[in-house]
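Asks: In case you want the letters, here they are:
Number of protein chains: 2
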Amino acid sequence: MILAAKFLDVSSVTSHTTHLLIMFYIIGLGLADEKDITVRGLEAVKGSTRVYLEAYTSILMVQKERLVRELAMGLQTRVSLSWQAKEAFYEKPLILADRDMVETQSDEILHRADEVDVALLVVGDPFGATTHTDILLRARALHIPTRVIHNASIMNAVGAAGLQLYQFGQTVSLVFFTETWKPDSFYDRIKENADLGLHTLVLLDIKVKEISDENLARGRKIYEPPRYMSIPLAVNQLLEIESIRKAGILDSDNTLAVALSRVGGGEDQRIVAGTLANLANHPEESFGEPLHSLIIVGKRLHHLEVEYAEDFAIDRERWRMVASKVYGCALD
Amino acid sequence: MILAAKFLDVSSVTSHTTHLLIMFYIIGLGLADEKDITVRGLEAVKGSTRVYLEAYTSILMVQKERLVRELAMGLQTRVSLSWQAKEAFYEKPLILADRDMVETQSDEILHRADEVDVALLVVGDPFGATTHTDILLRARALHIPTRVIHNASIMNAVGAAGLQLYQFGQTVSLVFFTETWKPDSFYDRIKENADLGLHTLVLLDIKVKEISDENLARGRKIYEPPRYMSIPLAVNQLLEIESIRKAGILDSDNTLAVALSRVGGGEDQRIVAGTLANLANHPEESFGEPLHSLIIVGKRLHHLEVEYAEDFAIDRERWRMVASKVYGCALD
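These protein sequence lines are chains A and B, in that order. If you use our numbering, the first sequence closes out at 558, no skipped numbers anywhere. If you use our numbering, the second sequence closes out at 558, no skipped numbers anywhere.
Quick caveat, the hints were computed from the structure, so don't treat them as lab data. Please note that a few of the clues may not be correct.
Identical copies go unnamed one by one, so any copy, or any two together, can satisfy a pair.
Claimed, not checked - Quick list of in silico lysine to any residue cross-link-like pairs, SDA-like style, CA-CA up to 25 Å: (1) K272 / Y413; (2) K318 / S550; (3) K525 / G273; (4) K433 / Q393; (5) K408 / T330; (6) K435 / A503; (7) K525 / F412; (8) K447 / L465; (9) K272 / F315; (10) K408 / Y392; (11) K551 / S469; (12) K525 / S550; (13) K433 / L459; (14) K408 / Q393.
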């Protein structure tokens, strides 16, 4: 009996996928563009009656006219066209849903998902955001069967820098500071990792759906363009907190770090390595397009990690020197 | 000029991919079956002159006759058929390469990779194993352009248990103990994570290419079937070391853990949650097919994590009781 089941199981892999169960799918899109969806994910999209695309930025929500007007505006254009590229590629109309909608109107997304297949497409892997566990919990409460289709996310693609994944401690987020608000709990987390010699992945902030003071005062719901934290700004914020907390874990000249952008293996992937000072003084453009992430290198650093990441170094000499003298790596 | 470049860049996404540069690709296959490859990965496979499939187990290397003879043997059959399924699906003959070959004969794999596209397919994400950074370094030394196509790996798909990825510390591996060899450095790593309240992902051992004492004595190079560590065995090994080291981080009745198997969102995915005692006493079969992983739950546990994972609990009452009384989670 078990044998028969196994044969069925195996043969079903080669034949066309037919499933009788109606599903709510959350499908990871990976990190670069619409071709990073998996074949299984693409099949689920094509079989779904409604397909939602979770938009990172409110800019995806603008009307067609504005899209055309903004054709010359760099990133926004890119993101918008990329949405149209996705729609064409997936051969499905996509319903854009911003993070707010996924959070607050999950019942609308789940509407009739027990009668027809519904898919929610998200950047990276579905379990990268708590929002997605929330909507899965809601589906469960409504007795709607769910299926998650995994993909790469920054949590594992960060390996592209050559630093080994098992040498990473907890991941932290860094938000935009204002004059009066400089949340610094990330510093304790980096210190905990650093004390153990572990690397820290730092995810940099995005600001979307901001309304300027002027528009707010006039009651106009006009959103500012999205803002993405740059690597030099991130490094300066880290050093600002170090100068206040003074635990000695982040040093301009003696702490190594690696900046990552668009880690999808594509042509626009950028990986840049150096001391914190190297990164802070490097031109913003050279770090590539957002989103950006930053790795603070821990002291358990292995010489093979140094050699692999050396290829991305702004200043190879300095990279090797600090790895050897400060981190104690035995290099050739 | 920048604008023109952006337009080109964007339009290339929608048109058919044509690249002039010859490449060595390492392509992640994700976690479940051949349909977890990305569309970009599938294109690269179809465009490559030689395609290697890194085999987890030596059993993939056996001759066709033996494959047929072993058709009735469960997992081996499954793995073998799965290899054939891949070959049919990718429309390419696959050259099987075991981990040893990728490590020691990388130049053979890279042969003429500066003249024709060559692809190496690996389970999960390419940066899951140091072997793959080694072969990328070797390609770099030979001036062969490389491209990594990412995919899901256990390092991010572990989120399927409902425990948040940013609450994980460093990942550890657990090897099969023998009478005389019980390496326990994993214990220090789990303790470091536990002291910070973080979860630990424990990857369980696989034994391949083992030769029995009898065959070794007779000089016969006959490999034993691969062995995969089961969840009950893993838990017993953990508790054995706790009983020696006595740091009080692992307790049968008061430490929560989650077992994962085939986390690809597929029909054979299994997630089982409970105390260490719950897991140790649960029938081996109920944990599903190998490979297995285990999460040791840390004390920073959030009540939403408890509620999500509760659905996988062997004993819901006990799961909630320990989460509330021992971990201090405020539950409804």
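Asks: So which hints don't hold here, by number, going up?
Replies: 1, 2, 3, 5, 6 and 8
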